[in-house]
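Undergrad: These are the residues of each chain, in order.
Number of protein chains: 2
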Amino acid sequence: MIVTMAHGSGGAATSELIRDIFAKAFDNDVLNEMEDSAVVEGSGRIAVTTDSFVVTPIEFPGGDIGRLCVCGTVNDLLMRGAVPKYLTCGFILQEGADTEVLKRIVSSMAQTAREAGVQIVAGDTKVIEGNGGILINTAGVGFIPDGVEISAKNLQVGDVLILSGNLGDHHAAILGSRLSISNDIVSDNAPLTEMVANLEKDRVDVHTMRDVTRGGLASVLKELAVASGVVITLEEEKLPVTNAVRDFCGLLGLDPLYMGNEGKMIAAVPAEEAEKALNAIRRAAYGEHAVVIGRVEDPGQAADGKAGDLLLKTPIGGIRALDVLQGEGLPRIC
Amino acid sequence: MIVTMAHGSGGAATSELIRDIFAKAFDNDVLNEMEDSAVVEGSGRIAVTTDSFVVTPIEFPGGDIGRLCVCGTVNDLLMRGAVPKYLTCGFILQEGADTEVLKRIVSSMAQTAREAGVQIVAGDTKVIEGNGGILINTAGVGFIPDGVEISAKNLQVGDVLILSGNLGDHHAAILGSRLSISNDIVSDNAPLTEMVANLEKDRVDVHTMRDVTRGGLASVLKELAVASGVVITLEEEKLPVTNAVRDFCGLLGLDPLYMGNEGKMIAAVPAEEAEKALNAIRRAAYGEHAVVIGRVEDPGQAADGKAGDLLLKTPIGGIRALDVLQGEGLPRIC
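Protein chains in written order, with numbering that gives the first Met the number 0: chain A, 0 to 333; chain B, 0 to 333.
Just so you know, the hints here were simulated from the structure itself, not pulled from any lab data. Just so we're clear, the structure is a prediction, and the values are computed from it rather than from any experiment. Some hints could be false.
Straight line, CA to CA, 25 Å or less: simulated BS3-like cross-link-like pairs of lysine-lysine [said to hold, decoys possible]:
{"hint": "1", "chain 1": "A", "residue 1": "Lys237", "chain 2": "A", "residue 2": "Lys312"}
{"hint": "2", "chain 1": "B", "residue 1": "Lys23", "chain 2": "A", "residue 2": "Lys152"}
{"hint": "3", "chain 1": "B", "residue 1": "Lys23", "chain 2": "B", "residue 2": "Lys102"}
{"hint": "4", "chain 1": "B", "residue 1": "Lys237", "chain 2": "B", "residue 2": "Lys312"}
{"hint": "5", "chain 1": "B", "residue 1": "Lys152", "chain 2": "A", "residue 2": "Lys23"}
Label-pair ranges, simulated between beta-carbon atoms [stated by the list, open to error]:
{"hint": "6", "chain 1": "A", "residue 1": "Pro144", "chain 2": "B", "residue 2": "Asn31", "range": "22 to 30 Å"}
{"hint": "7", "chain 1": "A", "residue 1": "Pro144", "chain 2": "B", "residue 2": "Glu199", "range": "30 to 38 Å"}
{"hint": "8", "chain 1": "B", "residue 1": "Glu199", "chain 2": "A", "residue 2": "Asn278", "range": "50 to 58 Å"}
{"hint": "9", "chain 1": "B", "residue 1": "Glu199", "chain 2": "A", "residue 2": "Asp322", "range": "47 to 55 Å"}
{"hint": "10", "chain 1": "B", "residue 1": "Gly157", "chain 2": "A", "residue 2": "Ala284", "range": "50 to 58 Å"}
{"hint": "11", "chain 1": "B", "residue 1": "Gly131", "chain 2": "A", "residue 2": "Gln155", "range": "42 to 50 Å"}
Where a beta carbon is used, it is the ideal one built from N, C-alpha and C, also for glycine.
Make a model of the complete structure from these sequences and hints.
TA: Written out as structure tokens, the structure reads:
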């Protein structure tokens, strides 16, 4: 079946779409009430976030926009130390969208939500003119356990930075798919629920967490350095990149430092907690390639930097100052 | 300035857009932290909702997409008896969007959020190809006071139905604007915060509330009749419609019963609470034209209906059974 403007009317056709596709896949007591808003259990301190997803193609090697939107929103909650609980989803469908594709996307969302431990409790559907595209907004609510204080501003001098896995896979998978380049690269889109739960369970003293998405590792770390007023130094030879992605980057002149990922995080912990943190991350799903990639330095002491600097040490001893991504990056990567 | 694909990169251009437009207008401590998610105070029971807005034109008589999105989400929270607290906003901008227009929209959102008593705590920006359009998703979180149980399933036999004001204004304003018809009709887009607060303050025993949006009054009431397993009877001569909207409908062959509104609600209360409820609603902003339009009847006793029926009594004594909106309605009305 093909989506028409009538499916956005709020009348019978909208109800049919909701019943046959969304309610069937997301099936849970709260959503099934079909009220103006979902009423759910709360908590004393909550995290709230939102993200829209406009990725093309909507199905790509290793994932799809449905898995991506759940992972993106869940990971944003996790990065504040929250336990992700509820998601909302707003679908903006372009006229002509194929409901068979939509069913696959929605099924993928439902499956990823189960994996991530969240419930989809509210939704909305609109239809606009266009060419069969699917855009999704997800917002999320999580509960913050007592005593947890994780923030981009909390980097401390002496912290080590752990990256949970290889760089660039999502970016390379999307771009490769658009260019019809044949290789084995698949997107890393994944929920980091278990990884963050392990850090909490092992009582690792995490100062800062951040997922490495649009703009890539360099943009994310530059923002952290500025927010915390410190110098971050990275060791280039420690940065984990698969051979396949390295070859892909060589071919197209891309820099893995500025490529988006959708299932990778940075954790900053005191140096003495590094082993404990690595162990917690590595035994979680999607964390097996975690490594220490750099450290946080005192702007007053660092020979080569001032507060807010992000410095890359090259294998031959050079130092390159990195900035956030300038210009376009890859449009519609998420 | 014109929005380009670079503004969706997650790099420097995105940060600039966020700093110069969104952060400036929404200015609050939580949003200004610019973390992956906002950490805010919670509550034991919360309401969660989401809506996307794709209205065209984005600025229309009496409002704009910014005012509309805040009102729509706030009203959905209110309809469960929640006190609206936090909003998130996801902007999907089409390449070519004018940042001067965007600034007006964002300023309108900020002003409406202040009026509605909510804080915008998280946001996201994406850019897609297109022709300068602006799409917005808003999700909302509200706190539900102890003891409040308001639901579409709670209609009780003997309840009266109060409509908070005139029908059809938003629909007519949007359609009139598209057709360049010159008249005095303006959209009713408004937050119903004060109205619901008054009902709570006056301790009115409200069974059900529902805002009268896409699909119009008939679609909304038909859904309530089905959800509660009752018969709803409406008196046609009681339905409030301004002369301007009535003339507009006559001209175009429209039925105000199926026209969308964006600042109107239905409240179902026991007959003996009707006066108290009318008083609470009428003294609130946007409630001066509130009237009783019908009542809830027992399917076993009603002469003409069965559970789930919505019946319209005409001035000459006829009875017309109403269904939800069939077909298209007005595309992109919200």
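Undergrad: State for each hint whether it applies.
TA: Quick rundown of the hints versus the structure:
| no. | hint | verdict |
| --- | --- | --- |
| 1 | Lys237/A <-> Lys312/A | holds (10 Å) |
| 2 | Lys23/B <-> Lys152/A | holds (21 Å) |
| 3 | Lys23/B <-> Lys102/B | holds (10 Å) |
| 4 | Lys237/B <-> Lys312/B | holds (10 Å) |
| 5 | Lys152/B <-> Lys23/A | holds (21 Å) |
| 6 | Pro144/A <-> Asn31/B: 22 to 30 Å | holds (24 Å) |
| 7 | Pro144/A <-> Glu199/B: 30 to 38 Å | holds (32 Å) |
| 8 | Glu199/B <-> Asn278/A: 50 to 58 Å | holds (52 Å) |
| 9 | Glu199/B <-> Asp322/A: 47 to 55 Å | holds (52 Å) |
| 10 | Gly157/B <-> Ala284/A: 50 to 58 Å | holds (55 Å) |
| 11 | Gly131/B <-> Gln155/A: 42 to 50 Å | holds (45 Å) |
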